[in-house]
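Protein sequence lines, in the order shown, are assigned to chains A and B. Under our numbering, the first residue of the first sequence carries the number 1, and numbering increases by one thereafter. Under our numbering, the first residue of the second sequence carries the number 1, and numbering increases by one thereafter.
Hints were generated in silico from the structure; no laboratory data involved. Do not rely on the hints blindly, as some may be mistaken.
Said to hold, decoys possible - Per label pair, the in silico range of CB-to-CB distance:
id	chain 1	residue 1	chain 2	residue 2	range
1	A	Arg381	B	Pro33	50 to 60 Å
2	A	His297	B	Glu28	34 to 44 Å
3	A	Arg324	B	Glu28	42 to 52 Å
4	A	His18	B	Glu28	26 to 36 Å
5	A	Ser196	B	Pro32	22 to 32 Å
6	A	Lys232	B	Pro32	51 to 61 Å
7	A	Lys368	B	Asp64	53 to 63 Å
8	A	Glu375	B	Pro33	47 to 57 Å
9	B	Lys57	A	Pro326	28 to 38 Å
10	A	Lys208	B	Glu28	37 to 47 Å
11	B	Lys57	A	Gly300	31 to 41 Å
12	A	Arg280	B	Asn37	24 to 34 Å
13	B	Gln34	A	His297	52 to 62 Å
14	B	Lys38	A	Arg280	23 to 33 Å
Said to hold, decoys possible - In silico DSS-like cross-links for lysine-lysine, where the CA-CA straight-line distance does not exceed 25 Å:
id	chain 1	residue 1	chain 2	residue 2
15	A	Lys213	A	Lys254
16	B	Lys51	B	Lys5
17	A	Lys286	B	Lys38
18	A	Lys286	B	Lys42
19	A	Lys289	B	Lys83
20	A	Lys150	A	Lys71
21	A	Lys286	B	Lys36
22	A	Lys175	A	Lys208
23	A	Lys350	B	Lys78
24	B	Lys75	A	Lys286
25	B	Lys62	A	Lys289
26	A	Lys389	A	Lys254
27	B	Lys75	A	Lys289
28	B	Lys62	B	Lys5
29	A	Lys213	A	Lys232
30	A	Lys138	A	Lys75
31	B	Lys38	A	Lys368
32	A	Lys150	A	Lys28
33	B	Lys78	B	Lys57
34	B	Lys51	A	Lys350
35	B	Lys23	A	Lys289
36	B	Lys5	A	Lys286
37	B	Lys42	B	Lys62
38	A	Lys51	B	Lys83
39	A	Lys286	B	Lys57
40	B	Lys57	A	Lys350
Every residue gets a Cβ at the ideal spot worked out from N, C-alpha and C, and that includes glycine.
Single-letter residue listing:
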Amino acid sequence: MSEKSFFVDIDCFQQKKHGQNAFGDCFKSKRFTDEGRLLAVLSDGLGSGIKANILATMTATMILKFIEDGKDILKATEVIMNSLPVCQVRKISYSTFSAFECSDEGEIKIVEEGNPDFIHIRNGRLVEHTPRIVTSKKFTNRHMHLYNFKLEPEDRLIFCSDGVTQAGMGTDEYKLGWRREGLIEFVESEIKRDPSISSRHLAMEIVKESIRKEPDHQSKDDVSALVLYFRKPRKLLIFTGPPYRQDRDAEYSKIFDDFDGRKAIVGGTTANLIARELGREITTEKYNKGMLPACSHMDGVDLITEGILTLTKVLEYLNEGYDRWPDDAAGRLIELLLDSDVINFMIGSKLNQAHYDPDLPLELEIRKNVVKQLEKILSGRYIKKVNLKFI
Amino acid sequence: MADEKILLELCFGTTCFVMGASKLQEIESIIPPQYKNKVEVKAHTCLDLCKNSTYMKAPFVKLDGEIISEATVEKILKAIERKIDG
Ligand code: FES
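If we strip away everything but chain B, and leave its shape as in the complex, we get:
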């Protein structure tokens, strides 16, 4: 997967922001060097997950389309690791 990057989508909507997404923007600078150029980070106005009660809890992020709820920096890093290292 030479140039294939995985896409990390952050949500800066009200709900996610209040529930902790404000701290997730640092993620880009925290991603360990071996993964750095394999992850592309994008932000959204609202991922439209907060309106749907079937999802768990904000803040939400998406990693290659997969929803991570109650996201924290640690949780996201783990998920990235899993995704890349398999």
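The shape of chain A in the complex, shown without the other chains:
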């Protein structure tokens, strides 16, 4: 990723209709890191429960697959619009959708059919766009709204299912529901309150707020909010292991110190080396947590942990997947990793004499391999951009 490029932070939060056991809305996305583009679809299936779930999932999966296979987003969605059946009873479409394709440069193409119009917030205010409308040749009541524009840094887009805009409908206060106007007002105030709010949190707040509009705080429909935040990437640098050549300790410590982003040191010897080179003090917490050595602290560094045992645990936790990461050094490192978009590892290649003690398990010799496996899972499952540098 070049220094100039931005990061497309997207996340979706959903709530099922109260009493149903399946989501009737479906969100799917795919990031192509090498090409610097991202596809996402939010689809709302007719009705609720398992039937709606199948319709929505089918629609979202097909759109994503078509675009992925190289079809233009307009072509792909048009095929879907023309082929989705109509409900025999209610004579309306089986599912509605919003789909978009966005590049790392912020070029975005959006297609919407039936979902509430997306909301574009720039500098805390609403930006309105006029769509180009394409009507289905087969079903004249189906219209696709097309948009094509360029995002600016710090722009946000909000997509939602009608469960959000119709929340509270029929109540005294919201006869016609919360509506798009209510949602816009809410989003503006949330961004004002926390200008760097992540997509995940904003999506969550929107869904929670819309459910609060219901008299008994129970969702009457499936509720989904999808947020896109075009922002500077959050960068993390992890220094692990002493450099191969000791005469370059100073140079690498300086690179580490000058890094513009968050920093972590993984390894006791590495921490000592950096402290020495930068003339700083390290303090170590007195109590180990879980099965791992305690964390340490130094000015200008966000996290310091022990090395190979902690890295191995991080890998193990990521592979297992948790709702809440354990409260130990590995859990803290994971929080930092997952809160970053671009993760750089500086991996020192100096052999640590201590680890050749035959009493110690082989595991201790394989820092490089552990980092390589971490790279795989972070870039694969967690869609992070990971760079490795062996020093």
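Since chain A is already given, all that's left is putting chain B with the ligand on it; use the hints.
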């Protein structure tokens, strides 16, 4: 030696931790009452002793600068006793 405390330094580096230092953190709560306020406990990322083959074996602790290798809770308590009671 009224306020003079002796300094006990633990090592939580990989080598020491694996070789048993993980069990040494309890030491603070085990130190008998008569010595308790005479000992200050500090932890380190690595005491840099594990790289040096002239030292014996991990886990290492330092008691007022003096290296104790293959440290155990018992060994440390004995050393504290010796140090304070002379
Ligand atoms: S790990 Fe204890 S001295 Fe290095």
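Now for the hints, and whether the structure bears them out:
1. A:Arg381 <-> B:Pro33: 50 to 60 Å: 52 Å, holds
2. A:His297 <-> B:Glu28: 34 to 44 Å: 19 Å, violated
3. A:Arg324 <-> B:Glu28: 42 to 52 Å: 29 Å, violated
4. A:His18 <-> B:Glu28: 26 to 36 Å: 52 Å, violated
5. A:Ser196 <-> B:Pro32: 22 to 32 Å: 52 Å, violated
6. A:Lys232 <-> B:Pro32: 51 to 61 Å: Given a distance of about 56 Å, which is inside 51 to 61 Å, the answer is holds.
7. A:Lys368 <-> B:Asp64: 53 to 63 Å: 39 Å, violated
8. A:Glu375 <-> B:Pro33: 47 to 57 Å: 51 Å, holds
9. B:Lys57 <-> A:Pro326: 28 to 38 Å: 30 Å, holds
10. A:Lys208 <-> B:Glu28: 37 to 47 Å: 44 Å, holds
11. B:Lys57 <-> A:Gly300: 31 to 41 Å: Hint holds: Cβ distance 35 Å, inside 31 to 41 Å.
12. A:Arg280 <-> B:Asn37: 24 to 34 Å: 30 Å, holds
13. B:Gln34 <-> A:His297: 52 to 62 Å: 33 Å, violated
14. B:Lys38 <-> A:Arg280: 23 to 33 Å: Since Lys38 (chain B) and Arg280 (chain A) have Cβ atoms about 30 Å apart, the given range 23 to 33 Å holds.
15. A:Lys213 <-> A:Lys254: It is violated: about 53 Å lies between the C-alpha atoms, which goes past 25 Å.
16. B:Lys51 <-> B:Lys5: 29 Å, violated
17. A:Lys286 <-> B:Lys38: Holds, at about 17 Å.
18. A:Lys286 <-> B:Lys42: 7 Å, holds
19. A:Lys289 <-> B:Lys83: 30 Å, violated
20. A:Lys150 <-> A:Lys71: 21 Å, holds
21. A:Lys286 <-> B:Lys36: 16 Å, holds
22. A:Lys175 <-> A:Lys208: 19 Å, holds
23. A:Lys350 <-> B:Lys78: Violated. Lys350 (chain A) to Lys78 (chain B) sits at ~37 Å, over the 25 Å cutoff.
24. B:Lys75 <-> A:Lys286: 20 Å, holds
25. B:Lys62 <-> A:Lys289: 22 Å, holds
26. A:Lys389 <-> A:Lys254: 16 Å, holds
27. B:Lys75 <-> A:Lys289: Roughly 24 Å between the alpha carbons, so the hint for Lys75 (chain B) and Lys289 (chain A) holds.
28. B:Lys62 <-> B:Lys5: Judged against 25 Å, a Cα distance of about 14 Å means the pair holds.
29. A:Lys213 <-> A:Lys232: Not satisfied, since the Cα-Cα distance of roughly 34 Å exceeds 25 Å.
30. A:Lys138 <-> A:Lys75: 15 Å, holds
31. B:Lys38 <-> A:Lys368: Judged against 25 Å, a Cα distance of about 44 Å means the pair is violated.
32. A:Lys150 <-> A:Lys28: Satisfied, since the Cα-Cα distance of roughly 22 Å is no more than 25 Å.
33. B:Lys78 <-> B:Lys57: 18 Å, holds
34. B:Lys51 <-> A:Lys350: Holds: Lys51 (chain B) and Lys350 (chain A) sit about 12 Å apart, inside 25 Å.
35. B:Lys23 <-> A:Lys289: 12 Å, holds
36. B:Lys5 <-> A:Lys286: Holds, at roughly 18 Å.
37. B:Lys42 <-> B:Lys62: 10 Å, holds
38. A:Lys51 <-> B:Lys83: Answer violated: Lys51 (chain A) to Lys83 (chain B) is near 77 Å, above 25 Å.
39. A:Lys286 <-> B:Lys57: 22 Å, holds
40. B:Lys57 <-> A:Lys350: 21 Å, holds
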